[in-house]
Amino acid sequence: MKLRCDRRSVLKGMLGGSAVYVGLPMLDVFLNTNGTAFANGAPLPVRFGTYFWGLGLTDTPAGGTRWVPTKVGPGYDLMPELEALAAVKEKVSVFSGFRAIGDGRANLVHWTGHASILSGVAPATATRFDAASFDTKVADAIGTSTRFKSIDIDASVSRQPVSYSTRTGATFASPDSTPLALYTRLFGPDFQDPNSDDWKPNPAIMLRQSVLSAVTEQRRELMKGLGRDDQLKMDQYFSSVRDMENQLAVQLQKPEKREACVLPQAPKDPARISSVDVVNSNTKVMAKLLAMGLACNQSRVFTFVHTSGASETYLPGQSKIYHQITHDEPTDARLGYQPETSKLANEVMKGLGTFLAELDAIKEGEGTLLDNAIVLAFSDTGYAKIHAIENIPMFLAGRAGGRHKAGQHIAGKGAPVTRVSLTAMQLAGAPVGEFGVGSMKTSNPIGEVIA
Amino acid sequence: MSTKTYSVGVLLTATVLAFASHAATPAQRPEQAAAMKVGLRRITETQYRHTIADVFGPGIKVEARFEPERREDGLLALGSAMLSLTSSGFEQYFALGRSISEEVLSESRREAAVTCRPSDPAGADDDCARHFVTHYGELLLRRPLTAAEIQSRLEISARGAKQAGDFYAGLELALTSLLIAPDFLFRVESAEPDPAHPEQYRLDAFSKATRLSFLLWDSTPDLQLLAAARSGALHSQQELDKQVDRMIASPKFQDGARAFFADMFQLDGFGNLVKDPAIYPKFDQSVAESAREQMLLRSMDLLVRQQGDYRDLFTSRQSYLNRSLAAVYQVPYASKSPWMAYEFPNDSERSGILTDIGFLSLHAHPGTSSPTRRGIKVLEIFMCQATPQPPANVDFSAVQDSTKGTVRGRLLDHMENEGCSGCHRRTDPLGLALEHFDGLGQLRTMENGTPIDVSAELKDVRIEGARGVAEYLRNEPKVPACLVRNVYSYGVGSKTYGRDKAYLTAQTQAFIASGYRFPTLVRQIASSAEFFKIVAPKSKSNAPIAAATVTQLQSTAE
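Chains A and B supply the protein sequences, listed in that same order.
Residues are numbered in the numbering used here as their position in the first sequence, beginning at 1, plus a constant of 6.
Numbering-wise, the numbering used here puts 483 at position 487 of the second sequence, and it's gapless, one number per residue.
One thing to keep in mind: the hints can contain errors.
Pairs of lysine-lysine residues, derived as DSS-like cross-links and limited to a Cα-Cα distance of at most 27 Å, are as follows [what the hints assert, rightly or not]: (1) B/K158 / A/K260; (2) A/K95 / A/K77; (3) B/K529 / B/K238; (4) B/K491 / A/K230; (5) A/K274 / B/K278; (6) A/K411 / A/K356; (7) A/K356 / A/K95; (8) A/K356 / A/K326; (9) A/K77 / A/K326; (10) A/K326 / B/K278; (11) B/K57 / A/K274; (12) B/K158 / A/K206; (13) B/K529 / A/K230.
Note that these hints are calculated values from the structure, not bench results.
Bound-form chain A, shown alone (with noise of 0.2 Å):
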């Protein structure tokens, strides 16, 4: 289990994967800093988690930003939508001017922005991401000695479960979407104590494996004249059975103790109310589930979603959704921003203030959760009105280990948001040198960021 990640395993990784993931620039950093953490057995990993908000933040072509700092680097400015930051700001670093590069494809509203952090191409069509999302290939790298691989989680009490994570792009995740879904999952009868001192290996495991063998012994029959996507959609299924597997190995064998690990009590479900004060509540006790699910080392990756993108939550009370608003809300000529809108960007951003602050709670070693993970924090737009691609909002928040320079303004320029995307894929320690297509192809990660 120890050494997952050295030169062979990566070269493996090559000819088994496709080509976009090929690795080599990427082996110096990834033995540098990963394969000598792992390799003295050190007990804090590494966790992994990608957080979405809907409708980006207020930068608008007046020149009434919200959001991006003056100062580039270390030290940077808190900005008034950033403000919900100010607690964790030194484990932040905050990535302004990226943008998702089409290629002649169209900006497909409220989708292609974050389809292309998450699968490096602007898709063709908004039902579907054109790759996989890379919080998967992270969760391949990091996820497999752990009992969930991922855990995919989403607070915004919408009309339809949303979450952003796909393996075949047209499959999406099915979250987590209320507090007692996620405790359930986490928590509920299989969850296995990491710090009880009589654990015994539970023989119903071993029957429930020899149900899943009877399913998988079947796999070549039935690959058998199948068409090239019913193919596609039967590998899903058999990748899924291997992570049950997994997870079934995995709770055969004696947990390592975690001293951070202790059981939550079962959470209430509140109303299905989708105004922004309900989800930030939402987001609160799930992240607080979350962080103690990490901690209880029952995942090491995860995808959150805090509101979707075309995002309808909105103030208690007001009848116009914040969509409705971005929109409709006319340019306040003497401030150069629209305030309504600001206003909500700032109740959305206490979500992901108050998410951080969670993981920042629990004590881990010297420091704390977040320390050891990194999130990449981000939006499906730059500036709503107009449905930009250009300057999406994005984070990396927590040190990972001690590899993020963190706390640092960088200015992207119009660079690929999917540079940002494989620097958080580095970080996190998944053996992956490039990444995207077309012009959003990149080897090139942030190195200002990267110890």
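Got chain A sorted already, so can you dock chain B onto it with the hints?
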């Protein structure tokens, strides 16, 4: 399992597959051809539930969170042909399969579920287990199991029985493995060479039976239908007609029709519908669920029970209410039963399914109505007219503060704007005519102190209010054609193409000639040869199926 072994595993599998297809020389084609699979559709939540109830009895609990479904070209049935299963989805099905198996083989139920008796209840019994696996395997997988599939279940069963000292504990494991099998969770459609035309393929009899039973019953084929498939009789028109008549006469046809209309009318968003409690204090989850049920009751009563005219769906004042809905409709509830039939008065603005609060509230915002959403949905659901994505760089500078006056002013700006007008001129008038209903579907005549104008211009027709929309739909030829297209696509699991046009036109004419009767339409389609048509899946180059005579079609849909 480490990353290393995973990567190697992928590599080996790929090699094996490549080798297998390479080895398929033309001389071996007959065997290869028989294995051609032409469709793979994930079963839906209701299909899962109906199957479990039909196979094991209605008392079995099915408690799980199902994977989200996705709508393609207006139908979840088409989305189901695109979707696979995620890790957390599989986790759910695995847990659900275990709990169903446990209940089916619980002490109180096992006598009914297992017709043979084990020689030793505390140990393995291959004969009895084989009987169990063969019987339930065929019902769940919708075809007889292969010898290997049976054998692997017998092995699990024996191992479980020995370890637990309980024959039924072994069966539980075998049943769970059937309930998580890809052939259960997905409908795998297979084609075989057609004996009448050896160069062509036809859907095999079990796949035909499955198309029928999922269209007509939203469930797995029963023993009679499976018998007709096994004997091959189902390939004859006479037997097909007989089975279709039998299935439409069954009470389970209600389940099939309900599932179809729930899909076509897009009634899947109610579980998660949210409204702002300060603006719509009467809204709660019970109102949302009742609103959905009301739309289904109206449809089922008119279209299935009375076998009425489909066009009456838009104009009939006959509806159903329960206590939660009565409050929203402001009608006194005078019945002791949970639902009562209710006829809206002659002069009411409520008439037809578009004025049900279900339609009105689902296609609105949390705190306001939305003429655009409602308009889009009228066109999409009832006329099969898709609306393109909005353009990205819209200039909203003309749009001014709309907290004053009615929403009409804001939308008129869209209709004037060059980039927006193409779509908004089509979508908004239908929605604006429904503006006497707020975001929850409650009647109103004023917005922000201004009287609401519900007149609208559509091409060269002028309509007035909800009744105008209803009359418009009643007379619109796209409306029956859209129903026909949806029944066909829903059953076949594929979009319609240019070459289906003649067939669909003929079906639409027959539907009109029948007086717009839904059961007649379903009977016509289910017993037509086109219903069992196959489309060869796209394959990688040089795969054996590339030689098949079935044409690969390009979509000509709008």
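Hint check results:
1. Between B/K158 and A/K260 the CA atoms are separated by roughly 26 Å; this keeps the pair inside 27 Å, and the hint holds.
2. Taking the CA atoms of A/K95 and A/K77, the gap is near 14 Å; set against the 27 Å cutoff, the hint holds.
3. For the hint linking B/K529 to B/K238, the alpha-carbon distance of about 20 Å falls within 27 Å, and the restraint holds.
4. Our distance criterion of 27 Å between C-alpha atoms is met by B/K491 and A/K230, whose separation comes to about 25 Å.
5. With a C-alpha separation of about 23 Å, the suggested pairing of A/K274 with B/K278 holds against the 27 Å cut-off.
6. Of the pairs offered as hints, the one joining A/K411 and A/K356 holds, with about 24 Å between alpha carbons and a cut-off of 27 Å not exceeded.
7. Among the hinted pairs, A/K356 with A/K95 is consistent with the structure: their alpha-carbon atoms are about 13 Å apart, no more than 27 Å.
8. Among the hinted pairs, A/K356 with A/K326 is consistent with the structure: their alpha-carbon atoms are about 20 Å apart, no more than 27 Å.
9. For the hint pairing A/K77 with A/K326, the CA-to-CA distance comes to about 35 Å; that exceeds 27 Å, so the pair is violated.
10. At most 27 Å may separate the alpha-carbon atoms for a hinted pair to count; A/K326 and B/K278 meet this at roughly 19 Å.
11. Proposed proximity of B/K57 and A/K274 is supported: the alpha carbons are some 23 Å apart, at most 27 Å.
12. Proximity of B/K158 to A/K206 is assessed by CA-CA distance (about 21 Å); at most 27 Å being required, the pair is judged to hold.
13. For the given pair, B/K529 sits about 21 Å from A/K230 by alpha-carbon distance, which is consistent with the 27 Å threshold.
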